[in-house]
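Asks: Construct all of the structure, not just a fragment, from the sequences and the given hints.
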Amino acid sequence: MEVRVANVRKEFDRFPALHDVSLDIRSGELIALLGPSGSGKTTLLRLIAGLERPTRGKIFFGEEDASLKSIQERNVGFVFQHYALFRHMTVADNIGFGLKVRPGATRPPAEEIRRRASELLDFVQLSGLEKRYPAQLSGGQRQRVALARAMAIEPAVLLLDEPFGALDAQVRRELRRWLRDIHDTTGHTTIFVTHDQEEALELADRVVVMSQGRIEQVGTADEVYDTPNSPFVYGFIGDSSSLPARVEDGQVWLAERPIGLSAPDVPAGAATLFFRPHDVELLDGCGGCIAGTVVNSRRVAETRRVELEVGGDRQRVEIELPIDHAAANKSRIAFRPRKWKLFPRAD
Amino acid sequence: MSNATTRTGWRFRQPSVIPGFGLTLGFSLAYLTLIILIPLSGLAWRSAALGWADFWRIALDRRTLHALEISFGTALIAAAVNVVFGTIVAWVLVRYQFPGRRIVDAMVDLPFALPTAVAGIALTTLYAPNGWLGKPLMALGIKVAYSPLGIVMALIFIGLPFVVRTVQPIIEEIDKEVEEAAATLGASRFQTITRVLAPGLLPAVVTGFALAFARGVGEYGSVIFIAGNLPNISEIAPLLIVIRLEEYNYAAATAIAAVMLALSFLMLFVINLLQSWSRKRYG
Numbered sequence: 001m002e003v004r005v006a007n008v009r010k011e012f013d014r015f016p017a018l019h020d021v022s023l024d025i026r027s028g029e030l031i032a033l034l035g036p037s038g039s040g041k042t043t044l045l046r047l048i049a050g051l052e053r054p055t056r057g058k059i060f061f062g063e064e065d066a067s068l069k070s071i072q073e074r075n076v077g078f079v080f081q082h083y084a085l086f087r088h089m090t091v092a093d094n095i096g097f098g099l100k101v102r103p104g105a106t107r108p109p110a111e112e113i114r115r116r117a118s119e120l121l122d123f124v125q126l127s128g129l130e131k132r133y134p135a136q137l138s139g140g141q142r143q144r145v146a147l148a149r150a151m152a153i154e155p156a157v158l159l160l161d162e163p164f165g166a167l168d169a170q171v172r173r174e175l176r177r178w179l180r181d182i183h184d185t186t187g188h189t190t191i192f193v194t195h196d197q198e199e200a201l202e203l204a205d206r207v208v209v210m211s212q213g214r215i216e217q218v219g220t221a222d223e224v225y226d227t228p229n230s231p232f233v234y235g236f237i238g239d240s241s242s243l244p245a246r247v248e249d250g251q252v253w254l255a256e257r258p259i260g261l262s263a264p265d266v267p268a269g270a271a272t273l274f275f276r277p278h279d280v281e282l283l284d285g286c287g288g289c290i291a292g293t294v295v296n297s298r299r300v301a302e303t304r305r306v307e308l309e310v311g312g313d314r315q316r317v318e319i320e321l322p323i324d325h326a327a328a329n330k331s332r333i334a335f336r337p338r339k340w341k342l343f344p345r346a347d
Numbered sequence: 001m002s003n004a005t006t007r008t009g010w011r012f013r014q015p016s017v018i019p020g021f022g023l024t025l026g027f028s029l030a031y032l033t034l035i036i037l038i039p040l041s042g043l044a045w046r047s048a049a050l051g052w053a054d055f056w057r058i059a060l061d062r063r064t065l066h067a068l069e070i071s072f073g074t075a076l077i078a079a080a081v082n083v084v085f086g087t088i089v090a091w092v093l094v095r096y097q098f099p100g101r102r103i104v105d106a107m108v109d110l111p112f113a114l115p116t117a118v119a120g121i122a123l124t125t126l127y128a129p130n131g132w133l134g135k136p137l138m139a140l141g142i143k144v145a146y147s148p149l150g151i152v153m154a155l156i157f158i159g160l161p162f163v164v165r166t167v168q169p170i171i172e173e174i175d176k177e178v179e180e181a182a183a184t185l186g187a188s189r190f191q192t193i194t195r196v197l198a199p200g201l202l203p204a205v206v207t208g209f210a211l212a213f214a215r216g217v218g219e220y221g222s223v224i225f226i227a228g229n230l231p232n233i234s235e236i237a238p239l240l241i242v243i244r245l246e247e248y249n250y251a252a253a254t255a256i257a258a259v260m261l262a263l264s265f266l267m268l269f270v271i272n273l274l275q276s277w278s279r280k281r282y283g
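Going line by line, the protein sequences match chains Z and E.
Residue 231 in full-length UniProt numbering is what sits at position 231 of the first sequence, and the numbering runs on without skipping anything.
Residue 61 in full-length UniProt numbering is what sits at position 61 of the second sequence, and the numbering runs on without skipping anything.
A portion of the hints provided could be inaccurate.
[Said to hold, decoys possible] Below, computed lysine to any residue pairings styled on SDA-like, alpha-carbon distance capped at 20 Å:
#1 K280/E with D93/Z
#2 K176/E with A135/Z
#3 K58/Z with R214/Z
#4 K280/E with A135/Z
#5 K176/E with A166/Z
#6 K69/Z with T192/E
#7 K100/Z with K280/E
#8 K131/Z with P199/E
#9 K131/Z with S278/E
#10 K176/E with K58/Z
#11 K100/Z with S188/E
#12 K176/E with R214/Z
#13 K100/Z with A110/Z
#14 K58/Z with I71/Z
#15 K176/E with E52/Z
#16 K280/E with T90/Z
Derived from the structure by calculation, the hints contain no laboratory data.
Replies: Rendered as structure tokens:
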């Protein structure tokens, strides 16, 4: 089922949580809503589910205007961050709940509901736990039951709110791969919210990066990582360093010196230079480079990450060096970013 | 979730690393003995002095039986009524914001604080055949004051806060997400309440029922004013005990008291079993 969010605005007590958000989601896509807390990602998910009503704008499921439908009629599978399992019901009853509450005509017979619950339990790899109560399951198992419960109603869209938020790192990684498999098998249109960029980039077909109630960028993992379209996205996705710079005559200037980067397409004026710490080339002499004094050096996995103080006003940037590089404190290092981007800055 | 670890069955729970298990257990037992067990055994002792034949004669006396029936019957009905309406009151107080909510919330506690005699007199004035409510009800052929119905009214008044105050915190704890989950799965509001929320409230409701019931059985002050106290019609067991005491018939008084005690204990025990069953199942 395609989902289309058209110019949606949401206010809570006059405080805007979403400003004029539009988003097209293709059928069968796995989409991540990624952003820091307060960016409006959960609000957007709840609006799609019908748990909140938009202040303005519409949400379409296929051709139908879902804004006119109640939550019950929308037929969405929603997995809550804390699972929200019914704790007085067994696992099987939890999964069968959505079928049991259907009106008489469309409700499958009890035997069929039981069979379906059992099938779904097999599917989420929890066979044989039908009779358990949620309190008797581990966090990861509860998460799977919540997913099975949401899938039991054959939802038009599957919505997951921070699905792995409450789990430890190992279980998270495992469930992440498993969710991808499930998505590929069932083909449900799936939208999940996360603040973990690694999770979003690894799992989703497309990532929606949000900040302060707006969508900053929508794209594949490659697109948002390699061609971020705003300072926020550059700073939020992956590691980045930034320096205040200036553009003059198509050249990038840092303080009073050009640093050997040409930017013919960027209008002259103040700008911020962004680059990735690992994507720099080290230079010997400095006839057009960024030079700084090492103030801090840390070993991170297969590289050494050093913090430099650059220029008279001691701006700090991070770059990565090979581990055998002798980056002792107070030594000077000269480098130039290989890939970088300038965003104009007003000041 | 938390009570999964406390189900240890019939054995002492493992003493924790915090010292003082022996001391605290000893203190609790000594305290309970002093405050509850000794006075109650005095009661048993006193009624034992009667001898079996006399004891049964008094216990099975028509007037005694009737008084017991009235006491336990009205307490059960009142507790049942309170369970329904007390739960609704608690629900409204937790779920809705309305002007004066805090005042209503405070008012629920009034039956706790008010001297019961005052409550009894107020209710009697209201429901007496010439009272504000008594008159129109009388015209409809319903006699409230000076009948068992009046006792039920008084016990409803007395027992309400017990139900409200036990159920209220549990309603406050209901996770909003659980209701939302039920809604996304297609459950109507009614189905959400009956199938998802009510079972979670059951243990607290049973506790509230037990407290209101126990209070109702022992209630004296408010009831004697509104009941009319006609032997075999609207005479409660606690009053009968007082009557016997005033006749200096201590043996008969203790005998009735002993029967009441045994019955109360039995019923509370059953309710407790019910409670632990529902807690296990729904907690």
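Asks: Check whether the Cα positions of K176/E and A166/Z lie no farther apart than 20 Å.
Replies: Since the Cα atoms of K176/E and A166/Z sit roughly 18 Å apart, the hinted pair holds (cutoff 20 Å).
Asks: Quick one, are K100/Z and K280/E close enough, alpha carbons at most 20 Å?
Replies: This hinted pair is violated, its Cα atoms lying about 23 Å apart.
Asks: Taking 20 Å as the top limit, are the C-alpha atoms of K176/E and K58/Z close enough?
Replies: violated, 25 Å
Asks: Assess, step by step, whether the Cα of K131/Z is no farther than 20 Å from the Cα of S278/E, and give holds or violated.
Replies: holds, 17 Å
Asks: Decide if the proposed pair is consistent with the structure: K100/Z and A110/Z, CA atoms, cutoff 20 Å inclusive.
Replies: Holds: K100/Z and A110/Z sit about 8 Å apart, inside 20 Å.
Asks: Does K176/E pair with A135/Z here, judged by a C-alpha cut-off of 20 Å?
Replies: This hinted pair holds, its Cα atoms lying about 18 Å apart.
Asks: Run the distance test for K280/E versus D93/Z: straight-line Cα separation, threshold 20 Å.
Replies: holds, 17 Å
Asks: Does the structure keep K280/E and A135/Z at a Cα separation of 20 Å or less?
Replies: holds, 11 Å
Asks: For the pair supplied as a hint, K58/Z and R214/Z, is the alpha-carbon distance within the 20 Å limit?
Replies: holds, 16 Å
Asks: Need the status of pair K131/Z, P199/E: alpha-carbon distance at most 20 Å?
Replies: Distance of about 18 Å is within 20 Å: holds.
Asks: Could you grab the alpha-carbon distance between K176/E and E52/Z and see if it respects the 20 Å cut-off?
Replies: Holds: K176/E and E52/Z sit about 13 Å apart, inside 20 Å.
Asks: Between K176/E and R214/Z, is the straight-line Cα distance small enough, at 20 Å or below?
Replies: Since the Cα atoms of K176/E and R214/Z sit roughly 26 Å apart, the hinted pair is violated (cutoff 20 Å).
Consistency with the previously given hints fails for numbers 7, 10, 12, ordered from lowest to highest.
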